[in-house]
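Q: Read off the chains here:
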Amino acid sequence: MTTIFINKTLRHFGACNTTPQAIKKVVPVVQRCLCCLMLSCLCWGCAEQDDFGHDQVGNFEALWTIMDEHYSFFDYKQVDWNEVHDRYRARIDNDMTDRELFDICGDMLKELRDGHTNLIASHDVSRYWIWEQWPVNYDERIIDQHYLNFDYKMASGIKYQILTDNIGYMRYSSFSSTIGEGNLDLILSYLSTADGLIIDVRDNGGGLLTNVETLVSRFIDRKTLAGYICHKTGPGHNDFSEPYAYYFEPTKNHLHYLKPVVVLASRGSFSATNNFVSIMKGLDQVTIVGDTTGGGCGLPFTSELPNGWRVRFSSCPVMDAQGRLTEFGVAPDVRIDMDENDRTRDAILDAAITLLTSH
Amino acid sequence: MSILNIICLISRAKARSVLLLVLGAMVAMSAAAIPADIQGSAALYNQSMFMLDAGYASVHDSYLTPITYDGLDLGLSIEVTRWVNHYRWLWQLQVGADYNYVENNAKNNDLHKVMGDITFNMQYAWQGVLHPRLGFSAGPMAQLRAGIVYDAVNSNNPVTVRAHWNLGATGMAWFNTRMWRIPVTLRYQVQLPVAGVFFAPEYDESYYEIYLGNHKNLAHLGWWGNRFDMTNYLGADFNLHKVVLRLGYRNRLEHWTVNNLHVHDFTHALVLGIHL
Numbered sequence: 002m003t004t005i006f007i008n009k010t011l012r013h014f015g016a017c018n019t020t021p022q023a024i025k026k027v028v029p030v031v032q033r034c035l036c037c038l039m040l041s042c043l044c045w046g047c048a049e050q051d052d053f054g055h056d057q058v059g060n061f062e063a064l065w066t067i068m069d070e071h072y073s074f075f076d077y078k079q080v081d082w083n084e085v086h087d088r089y090r091a092r093i094d095n096d097m098t099d100r101e102l103f104d105i106c107g108d109m110l111k112e113l114r115d116g117h118t119n120l121i122a123s124h125d126v127s128r129y130w131i132w133e134q135w136p137v138n139y140d141e142r143i144i145d146q147h148y149l150n151f152d153y154k155m156a157s158g159i160k161y162q163i164l165t166d167n168i169g170y171m172r173y174s175s176f177s178s179t180i181g182e183g184n185l186d187l188i189l190s191y192l193s194t195a196d197g198l199i200i201d202v203r204d205n206g207g208g209l210l211t212n213v214e215t216l217v218s219r220f221i222d223r224k225t226l227a228g229y230i231c232h233k234t235g236p237g238h239n240d241f242s243e244p245y246a247y248y249f250e251p252t253k254n255h256l257h258y259l260k261p262v263v264v265l266a267s268r269g270s271f272s273a274t275n276n277f278v279s280i281m282k283g284l285d286q287v288t289i290v291g292d293t294t295g296g297g298c299g300l301p302f303t304s305e306l307p308n309g310w311r312v313r314f315s316s317c318p319v320m321d322a323q324g325r326l327t328e329f330g331v332a333p334d335v336r337i338d339m340d341e342n343d344r345t346r347d348a349i350l351d352a353a354i355t356l357l358t359s360h
Numbered sequence: 374m375s376i377l378n379i380i381c382l383i384s385r386a387k388a389r390s391v392l393l394l395v396l397g398a399m400v401a402m403s404a405a406a407i408p409a410d411i412q413g414s415a416a417l418y419n420q421s422m423f424m425l426d427a428g429y430a431s432v433h434d435s436y437l438t439p440i441t442y443d444g445l446d447l448g449l450s451i452e453v454t455r456w457v458n459h460y461r462w463l464w465q466l467q468v469g470a471d472y473n474y475v476e477n478n479a480k481n482n483d484l485h486k487v488m489g490d491i492t493f494n495m496q497y498a499w500q501g502v503l504h505p506r507l508g509f510s511a512g513p514m515a516q517l518r519a520g521i522v523y524d525a526v527n528s529n530n531p532v533t534v535r536a537h538w539n540l541g542a543t544g545m546a547w548f549n550t551r552m553w554r555i556p557v558t559l560r561y562q563v564q565l566p567v568a569g570v571f572f573a574p575e576y577d578e579s580y581y582e583i584y585l586g587n588h589k590n591l592a593h594l595g596w597w598g599n600r601f602d603m604t605n606y607l608g609a610d611f612n613l614h615k616v617v618l619r620l621g622y623r624n625r626l627e628h629w630t631v632n633n634l635h636v637h638d639f640t641h642a643l644v645l646g647i648h649l
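Protein chains in written order, with the working numbering: chain A, 2 to 360; chain B, 374 to 649.
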């Protein structure tokens, strides 16, 4: 059949003088070429596909599988994920609405007790923000009015001023605000005459770890072990790489502040802020005052369900310099709460000022 | 409905149909031609062809998402072909860049893939062996291809870097004919990298960790056991005296599995080219 086809084709091409012997030679070559083309087509059909159905059950299974293969803290938190599957799968059917499915999936994720884990849809974001239930221990208005008298400087997302006791104060509300090295020079230059410095990262929900490095590097005078980081190397719950020690070095050709420092922390100090506090806690001249941080030591990754919902989850565990996970927070050196009934004083800030003035 | 939407609607099955249609059209066009006065066989020209690719792309990268995205493929490239050693050998230099804009099935997120590549090959040619106007060539090739795939929504895995350097083989078959009295060279070329080196992070390794200095297990030896790439080109060059116009079809396949990560990308593109 192929021979006849090729013969006819060659004749159409004007190969009237082609001998039968030549055609016989051509046939196997062309046959092989066609085979290659067909194999190519097969390869295109072998595209890597997500194996999940696009119905409600399929989306549930996709979510469970993504977490099963990528989430980092099953063993650390002693969560039996298979048992969780069976319990929640029994509540799923294909007739339920998207909102019903979302709520059940969100409840399933809450079993992980992880502030970094969210299911994100157009209508809602599931969350385990347990710190919302804990004391806030921060009131911006009290500080602005009673400590700064509404007179402060701002640069690179950092509010700063020298308080009446000649103590420097820096308020950094989000590690998502990129800190410019030049701005930081100007801030530290202004605060350099102060006897001590307070860095207020209460209620700072985190952001970029590169900003942690930028800030910490101004408070060290030598290469310093910041912690360890590892990552999953496969879908198994315990498939982790060897923890990798990472170090911060003093920023070259920029100002450094090596006088006593107090870092103010609260339960709202989460993720990158938790990391910042854990590193600063290891420095000799630094004291942590306030409440335990909110934790969140897993670098979050994002994945996706067939219906377009996104899921965020802790993926790469980051440990402190002692190799400990700080998923549930970093304890302060001085534990103190604000008095919620006193709208004029910040007990945590007062404790920090006392600590620094007594040096 | 935009052109992009229409392209996105093309399924893989449809893409195969398009391929078969193009193949059929090429054969039909060739069959209709009457190459009465074409003589000689060295009809692949020394040429520098500027090409525009436009078509369908499918991107699957499990580092970013388990979902396969599909959409638009655009590319620009230049292909320089030169004969040497009395038409015994030819070399080709191909330099190009391509961009994929692909969406998920839910149409609520997109990926951007930008790649650049440079390929050099040297081929030995057999001309007029089976037919006076039929030529074949084959030889080794080297290819460097690199770029990124970007997902704006992801948190600490928003981007993944693609880079590979491959050695392999390429082969061509061409046939000189006439269509509407215009001299035409029909050509099929396959590029098949065999082995090389490529970059891939570990399963859930963040680029932040790589930035911190952990460069372990990032470079991988690529071979057909863990990586398969292939580029097919099928087209026609119309020689309009001082100008050569190219009309063709190109498909590119990139598939690899390493560190429990899976990548499977492919494109089907219409190729328009001009040689001045």
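Everything labelled a hint here was simulated from the structure, so no lab data went into it. We put the CB at the ideal spot given by N, CA and C, even for glycine. Treat each hint with caution, since some may be false.
Stated by the list, open to error - Facing chain A, according to a computed beta carbon distance under 8 Å, are these residues of chain B, among others:
id	residue
1	N419
2	N481
3	H485
4	E582
5	L585
6	A592
Stated by the list, open to error - Below 30 Å or equal to it, Euclidean Cα-Cα: the simulated DSS-like pairs (lysine-lysine) are:
id	chain 1	residue 1	chain 2	residue 2
7	A	K111	A	K224
8	A	K224	B	K480
9	A	K260	A	K78
10	A	K78	A	K111
11	A	K160	A	K78
12	A	K111	B	K589
13	A	K224	A	K160
14	A	K111	A	K160
15	A	K224	A	K282
16	A	K253	B	K480
17	A	K154	A	K111
18	A	K78	B	K480
Q: Please name the hints from earlier in the document that this structure breaks, with their numbers sorted from lowest to highest.
A: 1, 3, 6, 7, 8, 9, 11, 12, 14, 16, 17 and 18
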